[in-house]
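Residue numbers (full-length UniProt numbering), protein chains in the order written: chain A, 1 to 470; chain B, 1 to 470.
Mixed in with the good hints, there may be bad ones.
The list makes no distinction among identical chains, and a pair is therefore deemed to hold if it is satisfied within one copy or across any two copies.
Mimicking DSS-like on lysine-lysine, the simulated pairs with C-alpha atoms at most 30 Å apart in a straight line are [stated by the list, open to error]:
hint, residue 1, residue 2
1, Lys244, Lys156
2, Lys212, Lys351
3, Lys405, Lys212
4, Lys212, Lys354
Calculated directly from the structure, the hints in this document are not laboratory data.
Each chain, written out:
2 protein chains.
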Amino acid sequence: MISNEIKLKLCNIVGLENYDDSNVGRLVYSYDATPQFQSMPDAVISPRNTKEVSEIVKICNEHQIPIVPRGSGTNLCAGTCPTEGGIVLLFKYMNSILEIDEENLTITVQPGVITLDMITAVEEKGLFYPPDPSSMKISTIGGNINENSGGLRGLKYGVTRDYVIALEIVLANGEIIHTGGKLAKDVAGYDLTRLFVGSEGTLGIVTEATLKLIPMPESKMTMLALYQDIEAAAKTVSKIIANKIIPTTLEFLDQPTLEVVEAHAQIGLPTDVKAVLLIEQDGPIEVVKRDIEKMALLCEQEHAVSVKIAESEAEADGLRTARRSALSALARLKPTTILEDATVPRSEIAKMVKATNEIAEKYQLNICTFGHAGDGNLHPTCLTDVRNHDEIERVEKAFEEIFEKAIELGGTITGEHGVGMMKAPYLELKLGSAGIAAMKAIKDSFDPNNIMNPGKVFAKESRKRVVVTQ
Amino acid sequence: MISNEIKLKLCNIVGLENYDDSNVGRLVYSYDATPQFQSMPDAVISPRNTKEVSEIVKICNEHQIPIVPRGSGTNLCAGTCPTEGGIVLLFKYMNSILEIDEENLTITVQPGVITLDMITAVEEKGLFYPPDPSSMKISTIGGNINENSGGLRGLKYGVTRDYVIALEIVLANGEIIHTGGKLAKDVAGYDLTRLFVGSEGTLGIVTEATLKLIPMPESKMTMLALYQDIEAAAKTVSKIIANKIIPTTLEFLDQPTLEVVEAHAQIGLPTDVKAVLLIEQDGPIEVVKRDIEKMALLCEQEHAVSVKIAESEAEADGLRTARRSALSALARLKPTTILEDATVPRSEIAKMVKATNEIAEKYQLNICTFGHAGDGNLHPTCLTDVRNHDEIERVEKAFEEIFEKAIELGGTITGEHGVGMMKAPYLELKLGSAGIAAMKAIKDSFDPNNIMNPGKVFAKESRKRVVVTQ
Chain A
1 MISNEIKLKL
11 CNIVGLENYD
21 DSNVGRLVYS
31 YDATPQFQSM
41 PDAVISPRNT
51 KEVSEIVKIC
61 NEHQIPIVPR
71 GSGTNLCAGT
81 CPTEGGIVLL
91 FKYMNSILEI
101 DEENLTITVQ
111 PGVITLDMIT
121 AVEEKGLFYP
131 PDPSSMKIST
141 IGGNINENSG
151 GLRGLKYGVT
161 RDYVIALEIV
171 LANGEIIHTG
181 GKLAKDVAGY
191 DLTRLFVGSE
201 GTLGIVTEAT
211 LKLIPMPESK
221 MTMLALYQDI
231 EAAAKTVSKI
241 IANKIIPTTL
251 EFLDQPTLEV
261 VEAHAQIGLP
271 TDVKAVLLIE
281 QDGPIEVVKR
291 DIEKMALLCE
301 QEHAVSVKIA
311 ESEAEADGLR
321 TARRSALSAL
331 ARLKPTTILE
341 DATVPRSEIA
351 KMVKATNEIA
361 EKYQLNICTF
371 GHAGDGNLHP
381 TCLTDVRNHD
391 EIERVEKAFE
401 EIFEKAIELG
411 GTITGEHGVG
421 MMKAPYLELK
431 LGSAGIAAMK
441 AIKDSFDPNN
451 IMNPGKVFAK
461 ESRKRVVVTQ
Chain B
1 MISNEIKLKL
11 CNIVGLENYD
21 DSNVGRLVYS
31 YDATPQFQSM
41 PDAVISPRNT
51 KEVSEIVKIC
61 NEHQIPIVPR
71 GSGTNLCAGT
81 CPTEGGIVLL
91 FKYMNSILEI
101 DEENLTITVQ
111 PGVITLDMIT
121 AVEEKGLFYP
131 PDPSSMKIST
141 IGGNINENSG
151 GLRGLKYGVT
161 RDYVIALEIV
171 LANGEIIHTG
181 GKLAKDVAGY
191 DLTRLFVGSE
201 GTLGIVTEAT
211 LKLIPMPESK
221 MTMLALYQDI
231 EAAAKTVSKI
241 IANKIIPTTL
251 EFLDQPTLEV
261 VEAHAQIGLP
271 TDVKAVLLIE
281 QDGPIEVVKR
291 DIEKMALLCE
301 QEHAVSVKIA
311 ESEAEADGLR
321 TARRSALSAL
331 ARLKPTTILE
341 DATVPRSEIA
351 KMVKATNEIA
361 EKYQLNICTF
371 GHAGDGNLHP
381 TCLTDVRNHD
391 EIERVEKAFE
401 EIFEKAIELG
411 GTITGEHGVG
421 MMKAPYLELK
431 LGSAGIAAMK
441 AIKDSFDPNN
451 IMNPGKVFAK
461 ESRKRVVVTQ
């Protein structure tokens, strides 16, 4: 609870109009894109600049009030659900592109900038920001940084972490620090920049970021390889990489996903095959053509029943957009959609797909699988209903087995969605107790009063998933 | 001091033959490649495996004995000088390449592997490990990881950090943790992998690492652009990048460096020009040719007096080798060679070169400058004599001004050499006291007894350089 005295102090910082503790206002920010998690914050605050963030944090630290920084809330790990109350911090005023530096190939932004707006601004200058989470139309760059978001182009270009080179951060004690710089090389002390990327708002609040850009690739080609055998598709993925081709995108969709996506997008996707690979390459046209030809041959060798190259950018864009809409398309079918992103070394993709299907069958669940096959990062997605307690219990057991299988194959419990509250109980599977203790020590040293997005990353209890009823 | 009782315990772990506390044995490891720093360890220990490292660390932690992990000691920041005594830990037994995984494009190594041996093994498989510190013929990969080493190919391919994807680490309490994996994406908790890269052995001991590989570029071309105006050379660097070409290598050497390198290497380098740029591009041959042509034109537009393309790989290799030998060539001229690596945004290279020359003149010093211009990472190198106290005092003042100028231009005090003991007094210039406090909190949480390479990164006193007389 926030006392009237503290409320007054906070209102003095941001202005009355930027402090909302109405029921409606709080309800809006009581959940994010993650099913099964909801919790009311005490207030919603919209600071107008870094100084205000710092002043808010100082008050919260003094009074041990939780702070949940939030972009658009598109995360899938309950990372921005205010599970312990406190304040939700919005960046609706801190949403400017501050600079595009064409000499140093950098962009400096405030956290509230929408990812796609930033990408569009960058591309207008002939430059390229590769990370492209499927939610980029609505996600913010601040959210991407906190979650270390991935996307479809991760295979060739890496993830958000690989592009963040400088941060302005408000620490839990209210101090403002600056990490990194417009620098290709910087070894002045520990790499705080990358420590903060993916730290899910649990160590401090990112109030400004400088991101690395690269020249825009000159050309791009897109193709679709169709399979009647899921494992053959998965094997093709390993084979392409082993043949030393790194395509921009190497996405996998199984038949149930294909059917749903086609029903939603209606762009003529085949629905009579067991799986497709959506493959893209970009770069100089000669190289792109050569790589696409080689990959088409490899697909055929691995028993693709058909390989189709998109004939126009419009067609290619349709395919990409359809793929990006997979989650929202699937979400229309059943009341509850639970999407996971256990990730394995790409050589183990075929085994992981097989195991997922066996687990779905064992627990009699409807699991569709799609995702970034080239990254070993698949999204098995369970269509279920949170009100069906018996089924939800089987869902929990199935995902626990999926996580265990991923770890057994040398993988991880989350490739790009983050731990948040949802996967916290499983973190020990990946890290062991010593690994968790090391991370917890960092958390405690940065945030001794545990005000920064408390309840996230570190579980109160390991391995048993907490099911919150809506 | 290590008591006889503790010595016996340590000998029981590694065997008598791997524990050396003789005067000669200790003297050998009392210094590294950094001038002006020397301090005797109490003993030199060579563990044979991770379990032995863990047991050693437990004893050291119990008795608060400093541990300095050491590869080949090629660092230039006094990072492996045992300034507070204790034990130097050698990896001469832990020097195996454990696996090259061609499906996942990774290599797994022990820390004692020589960098060039690893690169050679990787290239035999048609794969590529880009980081190439100039010391790679003798440096170890463990040392590279601890220092986050850079090299000549950093501009296009990044530094060591960008290739480390999994680590086995012995923490200060002796616990063994595993971070990351053979994974393109992994957001399971904080990024401990990258936190440890560049942490200079102050947080724990890396006992195994998995590194990302990429396909070997198909071809490579090398050229040399000659200038009679240093700033014109520097401006060319910015212009190439602003034209959206990212070459593999973009090295700068000024006339004094050229003269010395040519005298040493005798490969026909021009010595009658004020500066040269050594430029390389790699990739598909069509692209390489196109980029080299474009860059040649840009060099001419920026008043290069001559542009020469290497006619053979032998000639190109000679140029690269000559560049890599710059430090050892310079070191032959005077008793003491002090090499710095203040780094700036690449748009500021011209200003930084100009400022460096003005500072050298102001303090009447002989400073040669060469380095990775494309990274904004120059190595102003002062040829001096540590016995000349008056001159050394001027050297200290000059480098302090160079650091201040770099920070003023948005740069950093060290691009790739690390902080160690040498640059610790200047770290606050870059980070401010709040930034240092944040890093110190991490150090304290990982290593509460301060046994892991103590005295490094964090200075006892800021801004005033500690001069240790040899």
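Here's how the hints hold up against the structure:
With identical chains, the CA atoms of Lys244 and Lys156 are at most 30 Å apart both within one copy (12 Å) and between copies (19 Å). In this homomeric assembly, Lys212 and Lys351 come within 30 Å of each other (Cα to Cα) only across copies, at 22 Å, whereas the closest approach inside a single copy is 36 Å. Only between protomers do Lys405 and Lys212 lie at most 30 Å apart by alpha-carbon distance; the minimum there is 23 Å, versus 36 Å within a single protomer. For a Cα distance limit of 30 Å, the shortest separation of Lys212 from Lys354 across copies, 26 Å, qualifies, whereas the shortest one inside one copy, 38 Å, does not.
In this structure, every one of the numbered hints holds.
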